[in-house]
Amino acid sequence: MSHSAPGLHYLNHDKGFKSWALSLDHKRIGVMYMVAVSLAFLAGGILAILVRLELLGPGETIMGPDAYNQSFTLHAVLMIFAFIIPAIPAVMGNFVLPIQLGAKDVAFPRLNLASFYIYLIGAAIAMTALVNGRIDGGWTFYAPYSTSIGNGILFVTAGVFVMGFSSILTGLNFIVTVHKMRAPGLTWNRLPLFIWSIYATSIVQVLATPVIGITVLLLFLEKALSIGIFDPALGGDPVLFQHFFWFYSHPAVYIMILPAFGVISDLMGTFSRHQVSGYKFVALSSVAIAFLGFLVWGHHMFVSGQSAVSSIVFSLITYLIGIPTGVKVINWVQTMYKGSVQLKSPMLYAIMFLFTFSIGGFTGIMLGVLAIDVHLHDTYFVVAHFHYVMMGGNVIAALGGLHYWWPKIFGKMYNEFLAKIAAALVFIGFNVTFFPQFILGAQGMPRRYYDYLPQYESLHALSTYGSWILAAGLFLIAGYLIASLISGKKAGLNPWGALTLEWTHTTTPPDHHNFHDTPVVTRGAYDFHLAGHLFQNGGEVSELDLGGDGAANTPDEAPVPHEPAH
Amino acid sequence: MGDNGSVWLPDPGTALAGEVDSLFWFVFWTSAIIFGMVILAKLYFMTKYKRTSEQDVPQPVEESKALEAVWIVVPTILTLVVFTWGFDVFVKLNSAPPDSYQINVRAQQWSWEFAYDEGATSYTELYVPVGVPVKLNMTSADVLHSFYVPSFRVKHDVIPNRYTSVWFQAEEIGEYDIHCTEYCGTQHSGMNAKVVVVSEEDFAAWIAEQSQDLPPAVLGQQVFAQCQACHSIDGTPGIGPSLAGIYGEEHAFTDGTTAVVDDDYLLESIINPMAKIREGYPPVMPAGFSALSQKQLDGLVAYIKSLE
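Which chain is which? The protein sequence lines are L and S, in order.
Just so we're aligned, residue 1 is where the first sequence starts under the numbering used here, counting upward by one.
Just so we're aligned, residue 1 is where the second sequence starts under the numbering used here, counting upward by one.
Next comes chain L alone, as it looks inside the complex (with noise of 0.2 Å):
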């Protein structure tokens, strides 16, 4: 098997554009898709503190109510489809995944890179809806107000069937990679949590994005060619269309939070050098999870006219997967008992996610009860609910993420006292902007209103004060990452000290083929217990430990041979 000299890495062993732009590497593609969602999140986030500053006085403050009412549904639009679908798969999943698994690349390259491809190219089609008309009506484009507004909505309709084809083809790439894959010695039960929520969310990908891709073809073709699927006035039923884009956007949150979930797992597993508490429990109920989580859609529709019966069922079951997510929890608190906790800025991240995240649950299982849901619905509640889940949860989870595996991806340590300060300043910013949201709900302020009546202007107020607060947390976090590239110190092997196959058997940054030879594995993913010999000279690993067999060596030996464990 051919490496590269030394000194080569994936980064720069091969230069020019089209060697990054036709690249089969699965490095290559998750820095590619990294700089993409993370334009999408700047755009998303521009958005969001435009939409919260309007909301500073009742009235209008900078822009009129078209304008506000476009700018929350494109805010939402890129949030959801064009940044957390596909973010922690598509950028940690492809940079992490195959090297976790001891393999070279993904199962299927070439289908990789025309996953990106088709996500830019869907992104686009669906940003040309801003210079083809109007678009608004939040995200969630409920007909028939959605087929009444102009032609804006086809191109949306197009954009977002295309960009499904990405998330399909992705999650069909990695359950191959993960079955097929693994190299000599990985079973099961020894593969990190990271690799097991992410084959979760593929099988959620693959089962659940066709569902959303015949809705809004089914939209599109309403728009088009006035056929009466869901308006009244043509004799269609709009509660149906709310039952075919839940059916699609609920399992959607699970793949939105199951990669958060298996991120959480590494980082509460290496930064604590312990087992992953109950790792059984969570790597199953991560895939029992991926399945029922298709049975509880009708819990968005409680008010819309479905039946009281389907309603009764539905808030049945979610309570049902409420469970093992705050077992889950329990479980990652657990890990740190009689662990060795390292607070530096990836764990931190974990830490704060078991705050929002748990917020996030605790108010899910409130909007779950029937009686209050008929309050609570389409309030500000349900906007504090989701944006603690989503952005406390899958974005706290991916900035986790993200500085744990920079220094793997980049070869660059960054400033750990910014970050410290960075992390308090999203903490404390998110939860001044999102938590007093609950209690306007709960007062009675409706979502999606770009004026409000004067008495929840104080807590409006106050929410728009954090949104400023997180937004300086979240430019502080892209300044010294961004500076780390140009000026920052070259990272060891193993800064972590983690004993996942990206730490402890390749290069920093990793080679073009991940690996030298094909590793062989004979321990779990955390069995921190039996590596005792790697941290014989402190927490930063500076050896690659490919022997497996507790003999640590440095890249240029060879390998002691074994026979593969299966």
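In case anyone wonders, no lab produced these hints; they're calculated from the structure.
In this text, a Cβ means the ideal position worked out from N, Cα and C, and glycines have one as well.
Errors might be hidden in some of the hints.
[Claimed, not checked] Label-pair restraints from in silico Cβ distances:
1. S:A115 with L:I46: 43 to 49 Å
2. L:V131 with S:E279: 47 to 53 Å
3. L:V309 with S:E200: 33 to 39 Å
4. L:A288 with S:M274: 50 to 56 Å
5. S:M274 with L:S307: 35 to 41 Å
6. L:A461 with S:G174: 25 to 31 Å
7. L:L111 with S:E279: 53 to 59 Å
8. L:P210 with S:G36: 40 to 46 Å
9. S:G119 with L:A461: 43 to 49 Å
10. S:E63 with L:K15: 49 to 55 Å
Add chain S to chain L, keeping to what the hints say.
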């Protein structure tokens, strides 16, 4: 904040709203306590087990089956309790008493119309008698809307070509906000109205007054309530032009033509709003007002004519 309500919830205006609140507080406090315990454990462990030496390699901990059982069984029991309680109150919210007083509600972009059995109609104010169960039969003239009274904890989507309903029994005289809670376009946040709860005598008197033949301009002023989201009567431009003193003025339109404001112009502007768009204003006036009765249209024209 709600008057006399807590920080979180407005004062409950019905007995059933009070039941919803009890459930809310139970779930809230149970969640807060469990959350508190989890976070305290987290903070405790992350300090007590802080790494002291870089060579530290902790041993795996034997997971207690008993403890695992506790945090599966206890949440399951709690969620089943909360589910059952929620289901019970939900059934009540969906079961209007058979003798409820019915009022028809018509939602449109961007106002509410309330029609009473006796032939009365009101717009921004939903009059109801205190202490009597009231059932609203709701439908939409155009897109999805949703009828929400925070103080009563009732809400339901309002759908075109279908009836949906909410019911409530208001316990205190007063005024309570109504919000539209399903996005319906530009003035989704401007569809504000109020439930006006009055004594049974006052209600009967109000109904009698509404059903009389009103002079056109007075009827027009009532009907005009649904226009106020976009048109002011004091000169302030809004989404649409102010209607103060426009009768007799010459107006310029976006297609370059002009016209003098007379009765025909006013009527056309209401029933065919796209025919002439005032320069400087967007073409967003909904088409649904052609459904108003001729009496209501006559009233509107008379009222607008009278504005100075």
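Here is how each hint holds up against the structure:
{"no.": "1", "hint": "S:A115 with L:I46: 43 to 49 Å", "verdict": "holds, 46 Å"}
{"no.": "2", "hint": "L:V131 with S:E279: 47 to 53 Å", "verdict": "violated, 24 Å"}
{"no.": "3", "hint": "L:V309 with S:E200: 33 to 39 Å", "verdict": "holds, 36 Å"}
{"no.": "4", "hint": "L:A288 with S:M274: 50 to 56 Å", "verdict": "holds, 55 Å"}
{"no.": "5", "hint": "S:M274 with L:S307: 35 to 41 Å", "verdict": "holds, 39 Å"}
{"no.": "6", "hint": "L:A461 with S:G174: 25 to 31 Å", "verdict": "holds, 27 Å"}
{"no.": "7", "hint": "L:L111 with S:E279: 53 to 59 Å", "verdict": "holds, 55 Å"}
{"no.": "8", "hint": "L:P210 with S:G36: 40 to 46 Å", "verdict": "holds, 42 Å"}
{"no.": "9", "hint": "S:G119 with L:A461: 43 to 49 Å", "verdict": "holds, 46 Å"}
{"no.": "10", "hint": "S:E63 with L:K15: 49 to 55 Å", "verdict": "holds, 51 Å"}
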